[in-house]
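These protein sequences, in sequence, are chains L and R. If you count the first sequence from 1, position 160 lands on 159 in numbering that gives the first Met the number 0, and the numbers rise without skipping. If you count the second sequence from 1, position 532 lands on 531 in numbering that gives the first Met the number 0, and the numbers rise without skipping.
Because the hints were derived from the structure by calculation, they are not lab data. Backbone N, C-alpha and C define an ideal beta-carbon position, used for all residues, glycine too. Some hints could be false.
Result set (SDA-like, lysine to any residue): computed pairs, CA atoms no more than 25 Å apart in a straight line [what the hints assert, rightly or not]:
(1) Lys-505(R) x Ala-520(R)
(2) Lys-74(L) x Leu-176(R)
(3) Lys-424(R) x His-118(L)
(4) Lys-462(R) x His-319(L)
Below, a sample of chain R positions facing chain L; criterion: calculated Cβ distance under 8 Å [as the list claims (entries may be wrong)]:
(5) Gly-159
(6) Thr-377
(7) Ser-397
(8) Cys-399
(9) Ile-400
(10) Arg-401
(11) Cys-402
(12) Ser-403
(13) Leu-414
(14) Gln-416
(15) Gln-417
(16) Phe-433
(17) Val-446
(18) Pro-449
(19) Lys-505
(20) Leu-507
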Amino acid sequence: MSGISLEVAAVKYKRQSVSVVMTHVLIALLPGVIVYALFIDARVIKNIFIAVIIAALCEAAMLALRRRPVITTLKDGSIIVAAALLALSLPQSLPLWQLIVGIVVMCSLGKHVFGGLGHNPFNPAMVAYAVLIISFPQTMTQWNTELGLLDSAPIHWDALTSATPLERLDTTLQNKLFESTNTTSIDKELAADVLKQSNWTLLAFMWLLGGVYLLAVKVINWRIPVSVLATLWLAYLAYGSLSSSTVIPATMALFTGAILFGAFFIATDPVSSATSHPGKLFYGVGIGLLCFFIREFSHYPEGFAFAVLLMNMCVPLIDHTFVRNSLRTDNAKRDST
Amino acid sequence: MAETGMSWLSRFRSSNNKHYAPNRHEGFPPIGGLALTRNKPGLPAPGSPIKDICLPAQLVFPLVDYHKHVLTPVVSVGDCVVIGDWLAPGVLTSANGVVSAIEDRSIIHPSHCSALCVVIDTCPDTEATLAAIQTNEVFSSLTAHERIRRANVSGLGGAGFSTANKLAAIHSSDIKLLLINAVECEPMISCDEALILSDATHIIEAVIQMINITRCARCVLAIEDDKIDAIPLLQAAIKSSRQSIDDAAVNIELILLSPIYPSGAERVLVQRIIGKMPSAGIRATDQGILCLNVATTLAASASQHGAPLIWRVVSVAGSAAAQPVNVRVRLGTPVSHVLEQTGNESAINNSGCTMRIRAGGPLSGFDLPNLNVPITATTNCITVEPAIASEAAIDSASACIRCSRCSDVCPVGLLPQQLHWYCDKTLTDDAMRFGLNDCIECGCCDVVCPSLIQLTASFRHNKATLREQQLSSQQAQISKVRFEQREQRLEQRALQAQSLRRQRAKQLQAKTAEHDPIAAAMARARARRTNK
């Protein structure tokens, strides 16, 4: 076999190139970013901007070091998406130098040590997040929110210095527990009240909207987000009915913290997630369960990053296990004969 | 039965196509594939015959089968051959002439390789040649299956398997389903549709003849529902055949499929008709399904009257083709002759610089090394495309981001992203486990890949390499066994010789023990002495 022909003519078919895929992700992030900037913290725009610039420079340096084409690779836009996702997962009050550390970790340890785009076993943004939260726990858990652009006077506590919104909710619930004996009904009311007041819920809805857009333009597959959310919902439902202590209602739990953002934008990273259809479901369920356990039974208020990283480790095994059914049956047959 | 697997989508489609037939059936939805816009230039008007191309001065017949196994020629240079003579086992001459050379020539193959070919200088045919075969006494005593083998009928769709071998693979009593394949979803390729348009009655007659030969339980004629000119012709032909033959056993089910590429591939078609994809490594024939292309059916039917397979219909199309057309071409005709006769002289002159000549359609096809390559039974289409900067296309391929669009469109349910990973790392065992050999090389994954990776070419290459490795390891195994047998034989022979020697020595010893010549001599001497 010599000189195999490496061409198959293009057919008139609307192909989504990598850059188009990445553009769709950026469009899907847009409503969330707008709400974030308007109602929660205007610094997010600045942080995203800085993150993207630094990431592009870092990526260019890495590519140059690895002697790969710089401009054509930068054009695919994957680094812009990764930088934006990282900037959105971090607290906006994070010192600039720590943000830069995160970006450099994302580019180098998250991506290029493994061989660049398509070869990283871990989600680069989550690698950076994990490094930051372990290295700088104090700044990483202080959600020091400034005013959003459209916020009125600092009457309610969105404008106050606080821990993560999720931690705040937990604390509020527990405070209430001391005051009242009839817990469940009041807690639900309170939680609903808290969430209604909170602009974070609006933000979560925006992430959901972005996720639905990604599903509509077929950039992501429904299996991972649906299995993540369904698992978390069921886990909170079961936990709420089993334990006597205060637990936020299952449906509301999905709108807290980074769950919707993570389920649609982080867990669906194609490179580091499972690839077969049953594998995707398995991967999503794993993330959901791990996230639930880390949130409820560990010191970390938000477990999404660790859940994603732990499941990233399982991906080769999942992909090895879930070969399509037709092939498996035949392999079994071949083994038996 | 077919209705149970209908998706809501196909149900919606069927409501749009009510004008077709009262007893219309729909197949099962495919598990992958692409919905491509219909683009079939060069179809003849319904009822008008397909144009024949004149006989070229030279015909070339590659002496290889589909797996590149080299065949041994049974003719030598200077021999006179007439239509239907064997040139090698599995290769017939398609014209009268003289063998002028047996040499290496380039052939239509994705690897651009060359192969041993028989070159024939043609002389004008006489109708008498064909008539002579038909009245041949030997021929008239042959069974239907033997006639198909004698006529060298092979698949005119894609793979080019010998039809006689396909028939031999199933016991004729076990044929559950005769599946006539009129599905041609790839853009540009329209040779089967052209055959139906030009002579639908003949095709239905051929199908009925095949039903009688195979004595199958069920016969399905599958066609896409967007061939709106061909379907009424087939329906009318089936109706009139029912009236004229009045045979309850002959019942051709016409199944209209949504035109999803590549429904014409055998595995995919079987899945769309019976609802289940044959497991990996299992052929349709193993399940009692005989799948024949319409052109093959026609050739098999013609073989019953003694006509060998000497021509096929070839679509000449493509965005740079001067005149898209379907023509009947002798097997062995050089591509340049076909282009010349169809008014594409400019393509010949500009081939390689501004135009690319390809065999097969835009998805499953490949570029030709030069224009002297001969048409074979599997060449369904010649496309003339404007040249693209192919190097640029390869350069722009970026890394796989495992988006799984390819596995969503794979019509046989593979995971091309995983296959790509393993093929890239030459982990052939893993690639095999993920079904590399089940890849039908349809090219769907190439079309959707956001990173512009040439997946099919890589799979094709790896499959071929694997096949070669297997072949050489097989041969090594055979040589090893042969060597071991020889060693054993030699050893045995040595042992035998040794035991024989021992036996003789023993015999000699026994003999000497009986009457020792020395002792006898001494006794004689002693006797002599005492006598003195």
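Evaluation of the provided hints:
A hinted pair counts as satisfied when its Cα atoms are at most 25 Å apart, and Lys-505(R) with Ala-520(R) qualifies at roughly 22 Å. Distance check on the hinted pair: Lys-74(L) and Leu-176(R) sit about 53 Å apart at the alpha-carbon level, beyond 25 Å; violated. Taking the CA atoms of Lys-424(R) and His-118(L), the gap is about 13 Å. The hint holds against a cut of 25 Å. Between Lys-462(R) and His-319(L) the alpha-carbon distance is near 21 Å, which keeps this suggested pair within the 25 Å criterion.
Interface restraint check: Gly-159(R) against chain L, minimum CB-CB distance 19 Å, threshold 8 Å, status violated. Nearest Cβ of chain L to the Cβ of Thr-377(R): about 16 Å, over the 8 Å cut. The hint is violated. A distance limit of 8 Å between C-beta atoms decides the matter here; for Ser-397(R) the minimum to chain L is near 6 Å, and the interface restraint holds. At its closest, the beta carbon of Cys-399(R) sits 5 Å from a beta carbon of chain L; the interface hint therefore holds under the 8 Å criterion.
A cut of 8 Å between beta carbons decides the hint on Ile-400(R): the least distance to chain L is about 5 Å, and the hint holds. About 5 Å separates the beta-carbon of Arg-401(R) from the nearest beta-carbon of chain L, less than 8 Å, and the hint is met. A cut of 8 Å between beta carbons decides the hint on Cys-402(R): the least distance to chain L is about 5 Å, and the hint holds. Because the beta carbon of Ser-403(R) sits about 5 Å from the nearest beta carbon in chain L, less than 8 Å, this interface hint is met.
Evaluation of the Leu-414(R) hint against chain L yields a held restraint, the C-beta minimum of about 6 Å falling below 8 Å. At about 6 Å, the closest approach between the beta carbon of Gln-416(R) and any beta carbon in chain L falls short of 8 Å, and the interface hint on this residue holds. Among the interface hints, the one on Gln-417(R) holds; its C-beta lies about 6 Å from the nearest C-beta in chain L, closer than the 8 Å criterion. At a threshold of 8 Å, the smallest CB-CB gap from Phe-433(R) to chain L is about 6 Å, leaving the interface hint in force.
The interface hint given for Val-446(R) is met, as the beta carbon of that residue sits about 5 Å from the closest beta carbon of chain L, less than 8 Å. Because the beta carbon of Pro-449(R) sits about 5 Å from the nearest beta carbon in chain L, less than 8 Å, this interface hint is met. Restraint check, Lys-505(R) versus chain L: the minimum CB separation of about 52 Å is more than 8 Å; hint violated. The criterion of a C-beta within 8 Å of any C-beta in chain L is not met by Leu-507(R), whose closest approach is roughly 58 Å, and the hint is violated.
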